[in-house]
Every structure is written in structure tokens, then in C-alpha cells.
Amino acid sequence: MILSQLTPEIMYSASGIALFGIGLLGLIIVPHIFRKILAINVMGVGVFMLLVSSAKRANLDADPVPHAMVLTGIVVAVAGTALALFLVKKIQDSESLEKSQ
Amino acid sequence: MDDITALLPAFILLPLAVSVCCLLVNNIRVCVAISIISAAALLILSASTLLAINTYEAGILRYAFAGWGQPLGIELEVSGFTALMTALTCLLVFVLSVYSSVYFSSSDKALRFWPLWWLLIAGLNALFLSSDIFNIYVAFELIGLAAVALIAIENSRPALIAALRYLLVSLLGSLCYLLAVALLYREYGTLDLAQLANITSDSASSTAALMLITVGLCLKTALFPLHFWLPAAHGGASAPVSAVLSALVVKGSFYLIARFWLDTLAPAASDAGLIILGVFGAGAILWGSVHALFASRLKVMVAYSTVAQIGYLFLLFPLMVGNSQTNAFEGAAMGAITYLIVAHATAKSAMFLAAGNIMRIAGHDNIKQLKGLVRHCPLSIFTFGIAGASLIGLPPSAGFIAKWLLLSNSITTGQWWWVIVILSGGLLAAAYVFKFLNLAFTKDDDTFNKANIVSKISPIMPLCALALALLTVVLGFNAQWLLDVSGTLVYETTGQGFTGQNLAGVAQ
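Protein sequences, first through last, are from chains A and B.
All residue numbers for the first sequence refer to this note's numbering, where the first residue is 1 and numbers rise by one.
All residue numbers for the second sequence refer to this note's numbering, where the first residue is 102 and numbers rise by one.
If you're looking for bench data, these hints aren't it; they were derived computationally from the structure.
Glycine included, every Cβ here is placed at the ideal spot set by N, Cα and C.
The list that follows gives simulated cross-link-like pairs (lysine-lysine, DSS-like), each with its CA atoms no further than 30 Å apart:
{"id": "1", "chain 1": "B", "residue 1": "Lys-469", "chain 2": "B", "residue 2": "Lys-536"}
{"id": "2", "chain 1": "B", "residue 1": "Lys-544", "chain 2": "B", "residue 2": "Lys-472"}
{"id": "3", "chain 1": "B", "residue 1": "Lys-544", "chain 2": "B", "residue 2": "Lys-557"}
{"id": "4", "chain 1": "A", "residue 1": "Lys-90", "chain 2": "B", "residue 2": "Lys-210"}
{"id": "5", "chain 1": "A", "residue 1": "Lys-89", "chain 2": "B", "residue 2": "Lys-210"}
{"id": "6", "chain 1": "B", "residue 1": "Lys-557", "chain 2": "B", "residue 2": "Lys-469"}
{"id": "7", "chain 1": "B", "residue 1": "Lys-557", "chain 2": "B", "residue 2": "Lys-536"}
{"id": "8", "chain 1": "B", "residue 1": "Lys-472", "chain 2": "B", "residue 2": "Lys-536"}
{"id": "9", "chain 1": "B", "residue 1": "Lys-210", "chain 2": "A", "residue 2": "Lys-99"}
Pairwise CB distance ranges (calculated):
{"id": "10", "chain 1": "A", "residue 1": "Asp-63", "chain 2": "B", "residue 2": "Ser-397", "range": "53 to 61 Å"}
{"id": "11", "chain 1": "B", "residue 1": "Leu-152", "chain 2": "A", "residue 2": "Val-78", "range": "40 to 48 Å"}
{"id": "12", "chain 1": "A", "residue 1": "Ser-100", "chain 2": "B", "residue 2": "Ser-397", "range": "26 to 34 Å"}
{"id": "13", "chain 1": "A", "residue 1": "Ser-94", "chain 2": "B", "residue 2": "Ile-554", "range": "26 to 34 Å"}
{"id": "14", "chain 1": "B", "residue 1": "Ile-554", "chain 2": "A", "residue 2": "Ala-18", "range": "55 to 63 Å"}
{"id": "15", "chain 1": "B", "residue 1": "Ser-302", "chain 2": "A", "residue 2": "His-67", "range": "24 to 32 Å"}
{"id": "16", "chain 1": "B", "residue 1": "Phe-578", "chain 2": "A", "residue 2": "Ala-62", "range": "54 to 62 Å"}
{"id": "17", "chain 1": "B", "residue 1": "Ser-371", "chain 2": "A", "residue 2": "Ala-18", "range": "26 to 34 Å"}
{"id": "18", "chain 1": "B", "residue 1": "Leu-387", "chain 2": "A", "residue 2": "Ala-62", "range": "50 to 58 Å"}
{"id": "19", "chain 1": "B", "residue 1": "Pro-496", "chain 2": "A", "residue 2": "Glu-98", "range": "49 to 57 Å"}
{"id": "20", "chain 1": "B", "residue 1": "Ala-165", "chain 2": "A", "residue 2": "Glu-98", "range": "48 to 56 Å"}
Whenever a hint applies, use it, and build me the whole structure from the sequences.
Laid out in C-alpha cells, this is it:
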């Protein structure tokens, strides 16, 4: 009964929101910094999935606007992740420099 | 009028172009020259936009990129409020660019500074001028990434850790905002702020989107108790960066919270939510002020003072509770908040620059070891005093007018309990400002004497700080002018003219 109402759009939307939730939980409770950065990426993927699934509405042709948004979002996510990884590396370098002195 | 509208993209494209130029030329003198000329050009452009919109009857200018209007294309939009914010941004950017041209001692830092600085400005202008909620997300990310990198150019371990933490908070806030954008697009099929304002209803997804936007942007605005990242980030950055972060960057996200709660998603906003935002604001005032009082470093003290001043901004929301039948993004409380934003931006940037001067002269900013400092940098201490007077709310500064408007609004709306919070916040501000001034003026038993001076500074640095501090006094003396401007300029989408008499009545 419930399964018959489970259209692909709803499934994708629900898993998008679930991914966002998983990522948020990971960001808050996991202490390791790399996992925090990964968690933010998982959250981002969740939002992108929700956006993509909203492209198909009411049997019309697919709406291109969400795709454009997801593309922009991916670029921003890559930039953010790169900056975060670089900062982590700088911090670790300064740590090992302190230890060696 | 068309001329000014056609120039609107320059607010974003010019900073982007300057950023790329600074990156390519790799020469500090050229960077400084390009930057100061461009900052002056932006200042003139923003002033003429402000004047144009003030005399323009419709009160709103829209520019459609490549002639593609909504719903398909991307538009820039200037209302009175955003014109004022852009003018404030361009004014501070000009003064801070002049300051930064002499601030950086190492050429390495300066070369990294200028491209990022202009990226940040492009993001700020894009944030204030966009009429599209997705472009606002992109502007947020541009601001976030540039701000994090600007903090990280300090290259000390604490600054790097503060930058990383700020980056994670900023990305989390942006993703919450983006999820809200996705929900709104699903429900209403448009991304335009003004269009959304006309069609939003009190649906489940509107409420969820409003919650997500509030949490995400409160993280970025550093509203208590989500302020944990701010003191280290603002206190650890170099002086011009701290100034622009405290004066403008947190205001950008506040502006959007206000716009969503009071205009775009107003049907989904509840009175209880407005009051809760006010309670967090009151918490921020008290918590931030007490921490500022006990801070041991000068810049951390100024940063905690920002936490407190953000709290005052959030008192806007409960004061709007009785106002729900009209379009609430206008009205007397909004005038008070506009004034407060301008007053705090000028005073706080002056204070951060003064603290930067002191740090450059003394080599540190440990408050207890700065006894008798006044003899060695009188101008910076003077600046700190004037800016402090504005933060406390002493007349004739702009801070006094802003607090006075807030107080009279609290009383006219019958919410006298906010008066207690505003007044005790003022007392605590007086305590931390005078605590530092008292030490700086202590004469006998100087812990700080000539031998402690690490380096001399260029006279331009204290003069820039002083110019910003004097601006708070000028704004205080010209209160009626600014109220008139913000009165005719307050944002509105419904097409009903704003009654400037409301604000004039409050001021009398």
C-alpha cells in the first residue's frame, strides 16, 4: 500500500533529506577533522539529490534550473573542500614543526 | 535613472576584475594603486546610486542581466535599504583599503591580501544586490571562502585553526540555507525574492525553510549561542580583515534573516518565533558584554563586543510582533536597526583599526601590559574612546541615536523588559571600554614604556581609524538626515509608499 505510493521522486527526495541528516549528525558527533569535512560533503550531496529530484514535476519536461543549481553547488563544494583540506594540512605541518623543534 | 541601473553590475564585476588583476600583476604597488582607484570609483558609484534611489519615486531599481527578466533570468535589485548597505560597504572598503595599503609589513602577506580582499567585496555587493535566493547562496560562499582565506593569511597556528573552524561553520550554514532554497523552489517554482514574497503561504515546507534559513544564517551571523567561532576568528585576523568581518560580513547574513522573517516568508513566521529570536538577542547582549569585560586580549574584547552588538540587531524581531498586519519590513523598528547597523559598522571598524595600531606598536594586545600606553599612541586611544562612546550609546554619537530609537520603540510597543536589557548592555559596554581606557591612561608605574615599542607605524593608520570614529559622531549630529534617508528608503515590495513621518515622529 505504502510502497505503491513510493514514486521515484519521493524516494529520491527522502533519501536526499536522509543524507543531509546523516551528514549533519556526522559533522556534530565525529571528532576527526577529515570525517567532518566528509560529513559536510555528504550533506551537500543530500541537498543536490533533493534539488535534482525536484526537477521532475507534474509530468512536464525536466526543469533545467535545479540542474544548473546543482552544477554551481558542486563547484562551490569542491572549492570549500579544497580550502578545508589545505587548512588541515597547514595546521598539521605547523604541528609537526613544533614537535621537531 | 537608466544610466545608474545600467551601472549596477559594476558593483560586482569591478571587484572581481580588480581581484583577478591583483592576482596577475603580483606587484604590491600596482595592486595598491588599482585598489585605491577602484575603491574610490565604487564609493562614487554607490553614493550616486543612493542619491538616485532617494529621488526616484518607485524606490526600487532592477537590472536584468542580458535583458532576461524574471522568472527565467537573473536580476539585480536595489531598494533603499540595500542602497544604503552598499554605500556603507563601499565607504568602509575605501577607508580600509587606504589603511591596508600601509598596514602589511611583509610583502608576502600583502600580495595574498589584495586578491582575496576584492573577492570578499564582490561577494558582499552581490549579497546585498541579488534578488535571487540561489545567487545569494553563491554570494555567501564567495564571502565565506574569501573571509576564511583572509583570516588564514596571518599564518599563525591559532589563526589557521580559527579559519578552519570558521570554514566548517560557514559551510554548514550555507548548506542549511541551500536546503531551504531547494524546499522553496520545490514548493513555489521561483527563486526571485520579490516574487516569493507575493506567493508564499503558511505551508509546512515554508516553515521548514524558514527554520533552516534561521539556523543556517544565525550560525553565520554568530547569534548567541551559535557565536562560538567568532571571537577566535575576528580576534585572530589582521586588523582590516577583522574590521570588515565585524562591520559588514555578519550584517549581510543578518539582513537576509530579517528579510526572510519580515518579508519573503512572513506568512510562515510566528510571533513566538519573533520573540525567541529577541530572547537570543538579549542573551547575546549580556553574554557578549560580560565576556568582553573579562577578556585578557584587546582584540578578543572587541570581538566579544561584536557578539553583544549583534544581539541588539535581533531585538528588531520582537519589536515587530504587533506590526504583523502591515508589511513589516518597514516601520520604526526597522529604521532603528538600519541606524544601528550603520552606527556599529563605523564604530567597530574604527575600534578594530585602533586595536590593530596598538598591536603593531606594542607587538601584542595583552590588556594588562598596556598600562600608560596613551603617551605612545594618543591618536589610536582617542579613536578607541570615540568608538567606545558610540558602542556604549553616549551622545552625540550614532550609537546613542540607535539605542534611543530602540528604547523608544520598546516602550511604544509596550515591551518594557527589553529596556532593561538595552540599558544593562550599555552599562557593561561602558565597563569594558573604560577598563581599557583607564589602564591606557594610568600614569605612574608604567608597564609600557618606550623600550616596549616594537615598531613605528605610518601616520596614515591612526588617521584612517580616526576618520571612521569621527564618522560615528557626524552620523550622530546628522541623525535626522539619516533617518529621512532610511525613512524613504526602507524596503517594500507591496507598492504602498512608506510613510517617512513614522521615523521622523520617533526621532522627535
